[in-house]
Amino acid sequence: MNHPMPCRRPPPSNSFFDQLFNGAKSLAFSEDISNPLLMTTMATNYLWYFIPLLIAVSLVYAATRQETMPFILRHAVRTGMWIIIFMGIIAVILQVLDAFT
Amino acid sequence: MKTVSQTKSRPTVSVEQRGFTDEYGNWVALKDPWTAAFLAWLLPGLGHWYQGRWAKAILFFVCITGLFVYGCYLGSRRDLGYARVVYASFRPGDMRLYYLCQVGVGLPALPALVQSARVRQGKAPLWNYFMAPPRLGTDDGDPPTLSRLCYELHSYFDLGSLYTAIAGLLNLLVVFDAFSGPIFPEDSARREEKAEPRNESSDAVPETTAKQ
Numbered sequence: 000m001n002h003p004m005p006c007r008r009p010p011p012s013n014s015f016f017d018q019l020f021n022g023a024k025s026l027a028f029s030e031d032i033s034n035p036l037l038m039t040t041m042a043t044n045y046l047w048y049f050i051p052l053l054i055a056v057s058l059v060y061a062a063t064r065q066e067t068m069p070f071i072l073r074h075a076v077r078t079g080m081w082i083i084i085f086m087g088i089i090a091v092i093l094q095v096l097d098a099f100t
Numbered sequence: 000m001k002t003v004s005q006t007k008s009r010p011t012v013s014v015e016q017r018g019f020t021d022e023y024g025n026w027v028a029l030k031d032p033w034t035a036a037f038l039a040w041l042l043p044g045l046g047h048w049y050q051g052r053w054a055k056a057i058l059f060f061v062c063i064t065g066l067f068v069y070g071c072y073l074g075s076r077r078d079l080g081y082a083r084v085v086y087a088s089f090r091p092g093d094m095r096l097y098y099l100c101q102v103g104v105g106l107p108a109l110p111a112l113v114q115s116a117r118v119r120q121g122k123a124p125l126w127n128y129f130m131a132p133p134r135l136g137t138d139d140g141d142p143p144t145l146s147r148l149c150y151e152l153h154s155y156f157d158l159g160s161l162y163t164a165i166a167g168l169l170n171l172l173v174v175f176d177a178f179s180g181p182i183f184p185e186d187s188a189r190r191e192e193k194a195e196p197r198n199e200s201s202d203a204v205p206e207t208t209a210k211q
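Protein chains in written order, with numbering that gives the first Met the number 0: chain A, 0 to 100; chain B, 0 to 211.
Just chain A, same shape as in the assembly (with noise of 0.2 Å):
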């Protein structure tokens, strides 16, 4: 099927800011998976996107629950310690299960 749409394609640029808004993302992974220690590190990787979406949903959550800052972070710090003891324990319970099986 063809796609009513002109070719609006840029053409490949190699400035400054191609290398800016690729390069971080390159850092994170590589092209090359076939290496599975290298997967591992992938893997590992992983677990810094889980920075920004525990804060985010730590410090809403809770100010969903409570009306002023102070009480909000002493939510926020709790229920984050809460989410990470949990994801802890299935990754615990996962890894458990990887072993005998």
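In short, the hints are calculated from the structure, not lab data.
Just so you know, these numbers come straight off a predicted model, no measurement behind them.
In this text, a Cβ means the ideal position worked out from N, Cα and C, and glycines have one as well.
Certain hints may be false.
[Unchecked claim] Some chain A residues close to chain B (C-beta under 7 Å, calculated; not the full set):
#, residue
1, A55
2, L58
3, A62
4, T63
5, R64
6, E66
7, T67
8, L72
9, F99
[Claimed, not checked] Footprint (simulated), chain A over chain B, 3 or more residues, beta carbon under 8 Å:
#, region
10, 22-34
11, 65-79
12, 85-98
13, 164-175
For this one, chain A is given, so just place chain B on it according to the hints.
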């Protein structure tokens, strides 16, 4: 005095009385909760700004909009287009259910509807495929198909989709907070009760009368 009982669908409570006390006992007015909820959906934090809850407004705006923008950044590439993880497509073979979560963030996700409408009408998407739905069919050139987006963006396509979807879902919590205040405002009342010891003699009266 303006009351919401003038309309059928709203509760019979005066607008001025809608509010709650915060942890320090200060009264927080919710103003018109329906307007606040709509504004909170339209832009994260705007509803709280309208209610004068400045700190929470800034917090919600930074957290949710930041999460959404970061997700869009992960799903962007100069040659593929920007924010390709946010698009509205409910065509056979490309049901984008993620968008139902992403649209919770409000205005930042609405350009996807414009792009979707343009593609349906056979027009070219605007702004270098910003939030445009991918092309259906075989991968034989521009604009990119969904499979090519997934291949070129690696895991960033899923990560970006996840970030933007979670941002939208979090904003739904914010909408409820703008409408009716914190979900557990009774907690502050319970804390006050624990801080101030109750008068035991007054509590004992009903028990003795019950025994009699």
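According to a criterion of three or more residues whose C-beta lies within less than 8 Å of a C-beta of chain A, is the region 164-175 of chain B covered? n = 6 at 8 Å, threshold three: holds.
Is the hint on T63(A) kept, meaning its closest Cβ partner in chain B is under 7 Å away? Since chain B brings a Cβ to about 4 Å from T63(A), closer than 7 Å, the hint holds.
Go check the region 65-79 of chain B versus chain A for me, would you? Three or more residues, Cβ under 8 Å, otherwise it fails. holds (count 8)
With a cut-off of 7 Å on the beta carbons, see whether L72(A) makes it to chain B. 10 Å, violated
At a threshold of 7 Å, is the proposed contact between E66(A) and chain B supported by beta-carbon distances? 4 Å, holds
Chain B contact restraint on A62(A) - CB to CB distance below 7 Å: 5 Å, holds
Hold the hint about L58(A) up to the distance rule: shortest CB distance to chain B must be less than 7 Å. 5 Å, holds
Count the residues of the region 22-34 of chain B whose CB lies closer than 8 Å to any CB of chain A, then report whether that count reaches three. holds (count 3)
Once the shortest beta carbon distance from F99(A) to chain B is found, is it less than 7 Å? 28 Å, violated
Within 8 Å of chain A's CB atoms, at least three CB atoms from the region 85-98 of chain B: coverage verdict: Check failed, 0 qualifying residues.
With a cut-off of 7 Å on the beta carbons, see whether R64(A) makes it to chain B. With Cβ-Cβ at 5 Å, under 7 Å, it holds.
Does T67(A) pass the interface hint, meaning its C-beta sits closer than 7 Å to a C-beta of chain B? It holds, given that the least Cβ distance between T67(A) and chain B is near 5 Å, below 7 Å.
Of the numbered hints listed earlier, those contradicted by the structure are 8, 9, 12.
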